[in-house]
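Residue numbers (the working numbering), protein chains in the order written: chain A, 1437 to 1821; chain B, 342 to 437.
A portion of the hints provided could be inaccurate.
Subject to a maximum C-alpha distance of 27 Å in a straight line, what follows is the list of computed BS3-like cross-link-like pairs (lysine-lysine) [to be verified]:
no.	chain 1	residue 1	chain 2	residue 2
1	B	397	A	1672
2	B	397	A	1779
3	B	367	A	1779
4	A	1800	A	1445
5	B	367	A	1672
6	A	1704	A	1494
Since the hints were made in silico from the structure, they are not lab data.
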Amino acid sequence: MNFMGYRRKNGRIGTRNHVLVFPTVICATSVAEMISRAVPGTISVTHPHGCGHLGREKELIVRAMANFCAHPNVAGVLLVGLGCELITPELIAGEIAGEGQRFEILSIQDEGGTTATVERGKTLAEGLLEQAATARREPVDVSGLIVGTKCGGSDTLSGLTANPAVGNAADRLIAAGGTVILTETPELIGAEDVLCRRAADEGIAARIREITAATEAISQKAGVDIRSSEPSPGNKEGGLTTLEEKSLGAVLKGGTSTVRQVVDYAGKPSEKGLIIMDSPAHDAVCNTGMIAAGAQVIVFTTGRGTPLGAPTAPVLKISSNSGIYRRMTENIDINAGDILDGKESINSIGELIFNEIIEVASGKLTKAEVLGHREFAIHSLGLNV
Amino acid sequence: MSLSALVLHKNDNVATAVRPLENGGKVAVEIEDGVVDIEVLQPVPFGHKFALRDIKAGERIIKYGETIGQATEGIRKGEHVHLHNVEGLRGRGDRP
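Generate the whole structure from the sequences, applying the supplied hints.
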């Protein structure tokens, strides 16, 4: 089975053809935005990182930035720095050059201030846009697809309708040779047995228990009940009572396949099939991490409703109930609430989601893209000074 | 067919309301191989849970066939099951 994707020189497959203006440090975020606004057709992101990171945190942020910028949905990237930061454009360029990604670099201190940097940045971004415009979609096998899954603003219906329907679509994609990422480690807490029974080997099962134990230890160290934060207030209002309950509903998004690998935050899997990525629960942090890991499409379920998108990958929104679909139709692509009304089944909505993934991967815009939602956030370990 | 409540696994001791049960009363609940009537004792909002049988204090709450927490007090069949009578067992940094 094929979809229409962009085959990059390094063999990776893109579902979008973005030119990204990326600040490697917070001090360059406004300049990056000014360049992007001046060159329609480009996009930029903002973040608070780039300086003061120690050890493992620096590694994590460099990995997330480099993998995000080298992503096949990005045709070319303009890396903008200040000049005195820890994570420079040159550092990220060094990481992505080996991947064959097209890039330009720019430093505000070298250029001599905001105006000069924006002027030079406009020229560089226009050059990247011209090169991007030569890319054409071509038929590629769906086994080249990596789909990230996420739920946000969940209610108890999420675990009954939207999540199992996404799981059904995940099983279909994996059966066709593709890859699905399940993430959000706090929402694996209480569902370890379900996942470990499906682990490809003992090492993977041990790794699943390791990442949930590390997350659970955060609430233990803080001396608080994890329920002070998870489930969230909206989750509880929606009927979710405990984190374990939320987790058991959340992992249904991954379907029923064998768990092939557990990767670090923003780490690229070397296996295909069902992959678990270690990440905190934060919706935008999860999306950014899964995109860096290689996801070209995100499928996002919601019960309470959320407009969230992502800068470089389409986010396909699935509602768990018909009430929120009616209230937030402009934000939600598919309503799994019809399963409750008996009009549809998990299998029929699963098929609908799978077909929509193929359409979106081939260029159909999701509602989050049409509305311009580009939320972006990188995980931080708090190891900074 | 429009359902009032769902049970996900034959071992579950709670059901999930899939429409608001404002006044309680008798509700048809679909379980694996049949339908049982449960007398719901109090209002249960859309998406919330109620007990399928009497649950003792300290007993595990089972949904999806797995443990989602434990009862902090006795819960009668048909009672609303939520934050007021269930606690989580994981991530309890508030406990020694």
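Status of the hints after comparison with the structure:
Proximity of residue 397 (chain B) to residue 1672 (chain A) is assessed by CA-CA distance (about 23 Å); at most 27 Å being required, the pair is judged to hold. Of the supplied pair hints, the one linking residue 397 (chain B) and residue 1779 (chain A) is violated, its CA atoms being roughly 38 Å apart against a limit of 27 Å. Distance restraint check for residue 367 (chain B) and residue 1779 (chain A): the Cα-Cα separation of roughly 24 Å lies within the 27 Å cut-off, and the hinted pair is therefore satisfied. For the suggested pair residue 1800 (chain A) and residue 1445 (chain A), the alpha carbons sit about 23 Å apart, so the restraint of at most 27 Å is met.
For the proposed pair residue 367 (chain B) and residue 1672 (chain A), the alpha carbon gap of about 25 Å is at most 27 Å, so the pair holds. For the hint linking residue 1704 (chain A) to residue 1494 (chain A), the alpha-carbon distance of about 17 Å falls within 27 Å, and the restraint holds.
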